[in-house]
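Engineer: Sequence:
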Amino acid sequence: MTACQQFRARDCENIIVLLACATEPIIEASSGMKFGPYQCLYEELDAQFKSAGLSIFNCNWSEIYDFTQDTGAESNFELLGPEEADARKYMLTPKEALENESKKNDSQTVSNENTVSLLNRLSSVSVSLNPNDSLVPRTLGSSVQLLIRKESCTTTQLNGSALIAVFDHPSANECAKAIVTLLREYPSCYLIRTRFSRFNEYDMERIFGIRAKSKQAKVGAGGVITLEVAGPALVVGRSCEEVVQKASSLFEPGFVHVTSEPSLASRQIDLLNGLYRMHLDTH
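With positions in the sequence shown counted from 1, the corresponding number in my numbering is that position plus 435.
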């Protein structure tokens, strides 16, 4: 499991990566790679993300670019579905690992002293690998197509889109986190992708229809958190409106925008993804 600005793997085989990456992850001359979203929480993690200059809302775990993919050949990587990507299937918390080492000692198996010493120091840190606790919001990303292929979801369950935007203000991050939590109360809604982006006034007008010369358009320069949500076309927009209404009652109102009309939301999402990719290509 790793969180980073850039991820690149070369000459690797059969590795499972639970990833939060600010840019497009790259693999080269690698095979059998499996990717899932980052899922972790402990007390110092939020401050560590900020110190590293990373946003918890920029998690491009599924946007893999393969430098050495042969046309027509089997893919060198796969995206893990929600059930397969559960971090608890692959990792133990320090406390759980220490308990395992203690069991080994009870069965007279020789333990690595350095490992036990490290685990003793780390066991006081309260770590959760529960996807619902994760500091980085768990998203489906491009694995949504995998769900459809495996018939875990039908196309009608995902034929609608909605877009929630949290504009810059002192509680923006906490407001967006609350929205992510509230969305879990709506099983038919799937969080596909989150972004943190900075926009000029003209981008704000182009995407959100906010007049470029207005004061509201200037908040784009401070950063906008966007949440792309998919679900049934007749339900997803209304559900997101309810979520935003609940969140607005907890935080300062007027800084959250929801596009509930599916075709307009889809257009805005395409514009956002295009601008985000342009930003990555120029940095």
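Among the hints, a few may not be true.
Calculated lysine to aspartate or glutamate pairs in the EDC-like style (CA-CA distance at most 16 angstroms, straight line) [unchecked claim]:
(1) Lys-524 / Asp-501
(2) Lys-681 / Glu-636
(3) Lys-650 / Glu-640
(4) Lys-524 / Asp-505
(5) Lys-653 / Glu-620
(6) Lys-612 / Glu-687
(7) Lys-653 / Asp-638
(8) Lys-524 / Glu-509
Simulated from the structure, these hints should not be mistaken for lab results.
Engineer: Taking the hints in turn, state whether each one holds.
Structural biologist: How the hints compare with the structure:
| no. | hint | in the structure |
| --- | --- | --- |
| 1 | Lys-524 / Asp-501 | violated (26 angstroms) |
| 2 | Lys-681 / Glu-636 | violated (28 angstroms) |
| 3 | Lys-650 / Glu-640 | holds (12 angstroms) |
| 4 | Lys-524 / Asp-505 | violated (31 angstroms) |
| 5 | Lys-653 / Glu-620 | violated (33 angstroms) |
| 6 | Lys-612 / Glu-687 | holds (14 angstroms) |
| 7 | Lys-653 / Asp-638 | holds (10 angstroms) |
| 8 | Lys-524 / Glu-509 | violated (26 angstroms) |
The structure shown violates the earlier hints numbered 1, 2, 4, 5 and 8.
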